[in-house]
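Asks: Reassemble the complex: the two chains are provided individually, in unrelated frames, and hints are given to aid placement.
Here the protein sequences line up with chains A and S, keeping their order. Going by my numbering, 106 is the number at position 106 of the first sequence; the sequence numbering is gapless. Counting from 1 along the second sequence, just add 335 to a position and that's the residue number in my numbering.
It is possible that some hints are incorrect.
[To be verified] Straight-line distance between alpha carbons at most 27 angstroms, and here's what the computed DSSO-like set of lysine-lysine pairs gives: (1) K462(S) <-> K317(A); (2) K463(S) <-> K317(A); (3) K420(S) <-> K115(A); (4) K412(S) <-> K212(A); (5) K10(A) <-> K487(S); (6) K413(S) <-> K212(A); (7) K212(A) <-> K474(S); (8) K420(S) <-> K212(A); (9) K212(A) <-> K451(S); (10) K488(S) <-> K10(A); (11) K115(A) <-> K412(S); (12) K317(A) <-> K488(S); (13) K451(S) <-> K9(A); (14) K462(S) <-> K320(A); (15) K463(S) <-> K10(A); (16) K487(S) <-> K320(A); (17) K462(S) <-> K10(A).
[As the list claims (entries may be wrong)] Derived DEER-like restraints, expressed as beta-carbon distance ranges: (18) F298(A) <-> K493(S): 25 to 33 angstroms; (19) R186(A) <-> Q477(S): 45 to 53 angstroms; (20) R186(A) <-> S409(S): 36 to 44 angstroms; (21) T461(S) <-> I33(A): 34 to 42 angstroms; (22) T461(S) <-> P90(A): 22 to 30 angstroms; (23) E279(A) <-> L481(S): 56 to 64 angstroms; (24) F323(A) <-> A538(S): 46 to 54 angstroms.
[Unchecked claim] Which residues of chain A face chain S? A few of them, derived with a C-beta cut under 10 angstroms, are: (25) R186; (26) A195; (27) R197; (28) A202; (29) A203.
In short, the hints are calculated from the structure, not lab data. Don't be surprised by glycine CBs; every beta carbon is placed ideally from N, CA and C.
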Amino acid sequence: MQNTKMFNKKMIFPLLVSLFLLIIPTILIKFTIIDAYFAQIITLAAINAIMAISVNIICGFTGQLSLGQASFMAIGAYMSIFLTENLGLPMGLSIIFAGFCAALVGFLIGFPTLKLRGDYLAIVTLGFGEIIKVILMNFKSITGGANGKRFVDPAAIRFTLNPEVSFFVIVFFLIVIVVLFQNFIRSSFGRAILAVREDEIAANSNGIGVFKYKMTGFIIASFVAGIGGALYAPFIGFIKPEMASFNRSIEYLIFVVLGGMGSITGSVVAAFTLTSLQEFLRFLQDYRLLVYPLILIFVMLYKPDGLLGTREFSFIKTEKRLFAFFKKVRVKNEK
Amino acid sequence: MKNKMIMQATDLSIVFGGLRAVDKFSFELYQNELVGLIGPNGAGKTTVFNMLTGIYTPTEGEISYWDERSRIHSVGKKQPAVLNKVGIARTFQNIRLFNSLSVIDNVKVALHAHRKANIFDVLLRTKKFRSDEGMIEEKAMQLLSLFKIADKKNELAKNLPYGEQRKLEIVRALAARPQVLFLDEPAAGMNPQETEELMELIAFIRKEFDLTILLIEHDMKLVMGICERLIVLDYGKIIARGLPEEIKKDPQVIKAYLGEEALEHVESE
Numbered sequence: 001m002q003n004t005k006m007f008n009k010k011m012i013f014p015l016l017v018s019l020f021l022l023i024i025p026t027i028l029i030k031f032t033i034i035d036a037y038f039a040q041i042i043t044l045a046a047i048n049a050i051m052a053i054s055v056n057i058i059c060g061f062t063g064q065l066s067l068g069q070a071s072f073m074a075i076g077a078y079m080s081i082f083l084t085e086n087l088g089l090p091m092g093l094s095i096i097f098a099g100f101c102a103a104l105v106g107f108l109i110g111f112p113t114l115k116l117r118g119d120y121l122a123i124v125t126l127g128f129g130e131i132i133k134v135i136l137m138n139f140k141s142i143t144g145g146a147n148g149k150r151f152v153d154p155a156a157i158r159f160t161l162n163p164e165v166s167f168f169v170i171v172f173f174l175i176v177i178v179v180l181f182q183n184f185i186r187s188s189f190g191r192a193i194l195a196v197r198e199d200e201i202a203a204n205s206n207g208i209g210v211f212k213y214k215m216t217g218f219i220i221a222s223f224v225a226g227i228g229g230a231l232y233a234p235f236i237g238f239i240k241p242e243m244a245s246f247n248r249s250i251e252y253l254i255f256v257v258l259g260g261m262g263s264i265t266g267s268v269v270a271a272f273t274l275t276s277l278q279e280f281l282r283f284l285q286d287y288r289l290l291v292y293p294l295i296l297i298f299v300m301l302y303k304p305d306g307l308l309g310t311r312e313f314s315f316i317k318t319e320k321r322l323f324a325f326f327k328k329v330r331v332k333n334e335k
Numbered sequence: 336m337k338n339k340m341i342m343q344a345t346d347l348s349i350v351f352g353g354l355r356a357v358d359k360f361s362f363e364l365y366q367n368e369l370v371g372l373i374g375p376n377g378a379g380k381t382t383v384f385n386m387l388t389g390i391y392t393p394t395e396g397e398i399s400y401w402d403e404r405s406r407i408h409s410v411g412k413k414q415p416a417v418l419n420k421v422g423i424a425r426t427f428q429n430i431r432l433f434n435s436l437s438v439i440d441n442v443k444v445a446l447h448a449h450r451k452a453n454i455f456d457v458l459l460r461t462k463k464f465r466s467d468e469g470m471i472e473e474k475a476m477q478l479l480s481l482f483k484i485a486d487k488k489n490e491l492a493k494n495l496p497y498g499e500q501r502k503l504e505i506v507r508a509l510a511a512r513p514q515v516l517f518l519d520e521p522a523a524g525m526n527p528q529e530t531e532e533l534m535e536l537i538a539f540i541r542k543e544f545d546l547t548i549l550l551i552e553h554d555m556k557l558v559m560g561i562c563e564r565l566i567v568l569d570y571g572k573i574i575a576r577g578l579p580e581e582i583k584k585d586p587q588v589i590k591a592y593l594g595e596e597a598l599e600h601v602e603s604e
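Extracted from the complex, chain S is given alone in its bound form (with noise of 0.2 angstroms):
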């Protein structure tokens, strides 16, 4: 049985000039669910990540998302910023934290929704500002607490090591509290150690958080080693979709991966 669908896409395609970077994308999400998305370098995939979380709007083709209450949005209508608040959050490829803040107010400002003073309460330093504060403070201690990075929480996130602004990078997401979280190529520039590390703080993640996960990578051992369902794109279009074992086989993705004499030659096996 299959639990309840949060995300659906239907015909997605975004055009940039004269080319169609994501063609008829279409795919469910269902709650709980660990998915990998997967294919060579320039199929598409961060495209994709980037409709889902509402940074570029389709040229054609609808995302619907149900959110924790049930109640349906239209990503494609809606600023990452107000998707951010109804449970979609997620990582960059390219790790972007917000380098000159410290790794607390990375955290904190992710938490930024939960704030109930306003900016009169700000200016004066009422009550009400002060108790906001320490909220917010001791939620990103136990999220910092949590992760082991409760140590570092004064320095600046540019300071950090590769791995750990990864880490704090998935931690800042987490803040929101967000239903479903998008992971672009956590594993980007890991070693095999740290790529193992990083497995378990998946697995880790999504039990505590009782997420629903869908992630981009090209380490196929993390892949496959994780993910309950996958999706392999190239060319902006999907090639194939299934369980990790069946896509290991299937000729189209060894054929997108490796080339055509690749092909012939597990054929020839």
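Chain A with its partners taken away, still in its complex shape (with noise of 0.2 angstroms):
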């Protein structure tokens, strides 16, 4: 029963479909089928993803709420543009470090604040938000204060620049984080994490860490968050230090809420979905922040738990309802 190979038939669809959405826009945006305008919002609504995934990993599935997932990115963002433009690290590497250096400064967060039960961490990261909006705003040698940084090494340029690279890199990390968290959730350690969630004191007698696996929570959702930041931050260009503050990070919670708390799916459908909605609705200018909390309104009376709930769009399910339709459909020319 057990497979051996590393690579299955079960995943030869998921990687087909994952390439035709890397791939397929991507050469649409090169040769301005889609313009550099919408290219600009699905980028940034990819980017919205990671963020919401950041946060539904320690709200959704650790069950911690984080007020502060914003001023993860922010620290992911900055460190990209130092580690590049002041270390001369190649950009791809400076991502990834940026990424590490957030889930650094998640570790030193969370250890003393998730040792307790409860929602201090909220009290925690809402204040250490403002707490990186006040040392981005003052540390002007290094982050360029409240007027914000440029970033002009030659690569983040050309990414910033060609909507194409811009578009297939952070689609691309998209589909990692995704792969790699599904990986992790479907473990042994990942059904710990939502034991966590679920209830801590019978996950603590049963076993369980609680402090340690809280901690591998947060920890994981900061780096993911220090990625965003790290993408976003060649992707636009120009980032200030208000990129850490409270309202960013509400915004992504909403994203999470939307979409519904512990389902990867829901995050990215709610993220791509409620971006492009931002700007469609342009045209009523100001009144369009008036759809927002309606939309959420409306979510929370009829579908309190989100949009998807728990519930994950499954490859392996779509594949067979697909076949079991096709049988159909051959079975009623037949007749």
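Replies: Pasting the structure below:
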């Protein structure tokens, strides 16, 4: 029953779909069939999806409320510029290292906080976001202060100016993050984290070190947020301390609540839908800000668990359903 | 001749604010015993359980525990998760399942300590990871089949009927292959027939898993039926201990359960 090969049949279909989602839009953007404006929206949506996944990992899967994921994003963004421009690392490497920096900060914040039971993490991350903002504003020599900082490394400029490059790289990172996290959550470690979310006392009495797994969840979430920020910096080309603001953190939390706490599919779908919605509703001018809360209220009234609850899109189930459907059609035609 | 001692508590006391919830509780637990801890509501039974399983740290007193390899552990200084790994498992008075996880995942969580794969094996789905998952799946299925709930393995724990939730909690506790099992009011909320089945289940578990069991119970029929030794607690103090037959006639116990008048009534008979 065990599959001993690294790549088995089950993986072909998902692999093809991800390659398709990655390569086709890239080509379309390259030949300006998708224009630069639209490309910018979907790429931004992909970054928002990465951020929503980060919030979901800590809030939806680990069950700890964090109100400061945007500050980890800001750390990632500033670190990627710092590592590339001041330390001369290649940009790809500095994106990864920026993720690790955010993870390290996550460790330092989580260590004293997550030992407590309850919503202390929410308060601490809330304060932490403000601290990061103030630090970024005042550390002028490195961060450029309140005026923000430009990413002027040649690689970054290529990234900023070529929408197909930024789309390809960012969606590639999104896919890798989704795949790796799915592997993680469907393992023994993943179940341990879910058990902590469900009932800390019961998890503890069943051999799950509660603190250890809360930390694991928080560090992974910080890492993902750091990567999100590190990709955002070269994509926009210019970052400001406001990145770390409370509002941004809440925006990502809204994606997660709408998509469903504990559903990666939900986070990705919500991030893409809401990001595009914000753009398409521009003709409403300031009134578009009303649409957003209205959607939120309606979803909470009629689908309190979010659009997908904790359900995930499954390739295997979809494949089975598709086969069943084609079979039915063929039988009908033969008749 | 008595078996090997596996747990010894001496003069345990715990104070919450100004309340001395448990006062100088001492007891020994020997291998393969089935001991009952009884007492009226609020007597401190669950508090004793919480101390013995590491959830509360006693204000005074010592708890020693000897694991299967006869290493000694000081219970008060260790986290429940650590104690679980050396053989102490428990259930809860108001069932604490992982509600939105499936039945089989509830059991698999308790098998977490059996893994060999590390986090990189998991992320890259190496061979080690897959054999690990296969092993965990197999062990969980064995347990579920043994307790005849294998057909419900994919249901969410919260959707199980009450009796099966209790059963699942016991199965989950057994997954860690404990040396000693603490059952906190396993018959709470059950009807007489379900209680009967539970008695059989406990007897079955003891035989099958070669366990030591300490249980808290209100249902006298269950307690008298299966326990070999009883400890009676009232207002945080032990008021009696001994064989079920002796306990039944103990004037202090009758007084605690039924009041002063009942005692006079019994004596006059």
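Asks: Compare the structure with each hint and give your call.
Replies: Each hint tested on the structure:
1. Between K462(S) and K317(A) the alpha-carbon distance is near 24 angstroms, which keeps this suggested pair within the 27 angstroms criterion.
2. For the given pair, K463(S) sits about 26 angstroms from K317(A) by alpha-carbon distance, which is consistent with the 27 angstroms threshold.
3. Taken as a hint, the K420(S) and K115(A) pair is honoured in the structure, with Cα atoms around 20 angstroms apart against an allowance of 27 angstroms.
4. Pair hint K412(S) plus K212(A) holds up; C-alpha atoms about 18 angstroms apart against a cutoff of 27 angstroms.
5. The suggested pairing of K10(A) with K487(S) holds, with an alpha-carbon distance near 25 angstroms, which does not exceed 27 angstroms.
6. At roughly 15 angstroms between alpha-carbon atoms, K413(S) and K212(A) fall within 27 angstroms of each other, so this suggested pair holds.
7. Between K212(A) and K474(S), the direct Cα distance comes to roughly 25 angstroms. Compliance with the 27 angstroms bound is thereby established for this hinted pair.
8. Our distance criterion of 27 angstroms between C-alpha atoms is met by K420(S) and K212(A), whose separation comes to about 15 angstroms.
9. Between K212(A) and K451(S) the alpha-carbon distance is near 17 angstroms, which keeps this suggested pair within the 27 angstroms criterion.
10. With a C-alpha separation of about 23 angstroms, the suggested pair K488(S) and K10(A) falls inside the 27 angstroms cut-off, and the hint holds.
11. Simply put, K115(A) and K412(S) have alpha-carbon atoms about 16 angstroms apart, close enough for the 27 angstroms limit, and the pair holds.
12. A threshold of 27 angstroms between alpha carbons decides the hint, and for K317(A) with K488(S) the separation of about 18 angstroms falls inside it, so the pair holds.
13. The straight-line distance between the Cα atoms of K451(S) and K9(A) is roughly 26 angstroms, inside the 27 angstroms bound, and the hint therefore holds.
14. As the CA atoms of K462(S) and K320(A) are separated by approximately 26 angstroms, the hinted pair is consistent with the 27 angstroms bound.
15. Restraint check: the Cα-Cα separation between K463(S) and K10(A) comes to about 19 angstroms, which is no more than 27 angstroms; the hinted pair holds.
16. For the suggested pair K487(S) and K320(A), the alpha carbons sit about 22 angstroms apart, so the restraint of at most 27 angstroms is met.
17. For the suggested pair K462(S) and K10(A), the alpha carbons sit about 16 angstroms apart, so the restraint of at most 27 angstroms is met.
18. For F298(A) and K493(S), the Cβ-Cβ distance of about 27 angstroms falls inside the hinted range of 25 to 33 angstroms, so the restraint holds.
19. Restraint check, R186(A) to Q477(S): a C-beta distance of roughly 21 angstroms breaks the suggested window 45 to 53 angstroms.
20. Here the CB-CB span from R186(A) to S409(S) is close to 37 angstroms, well matched to the stated 36 to 44 angstroms.
21. The beta-carbon spacing between T461(S) and I33(A), approximately 41 angstroms, falls within the hinted interval of 34 to 42 angstroms.
22. Between T461(S) and P90(A) the CB atoms are about 29 angstroms apart, so this pair conforms to the stated range of 22 to 30 angstroms.
23. A hinted range of 56 to 64 angstroms for the beta carbons of E279(A) and L481(S) is consistent with their spacing of about 57 angstroms.
24. A hinted range of 46 to 54 angstroms holds for the C-beta pair F323(A) and A538(S), which are about 49 angstroms apart.
25. Of the supplied interface hints, the one on R186(A) holds, with its beta-carbon coming within about 8 angstroms of a beta-carbon of chain S, less than 10 angstroms.
26. With its C-beta approaching chain S no nearer than about 4 angstroms, A195(A) sits inside the 10 angstroms limit, and its interface hint holds.
27. Because the smallest distance between the Cβ of R197(A) and any Cβ of chain S comes to about 8 angstroms, under 10 angstroms, the interface hint for this residue holds.
28. Using the Cβ-Cβ criterion of 10 angstroms, the hint placing A202(A) at the interface with chain S is satisfied: the shortest such distance is roughly 4 angstroms.
29. A distance limit of 10 angstroms between C-beta atoms decides the matter here; for A203(A) the minimum to chain S is near 7 angstroms, and the interface restraint holds.
When held up to the earlier numbered hints, the structure conflicts with hint 19 and nothing else.
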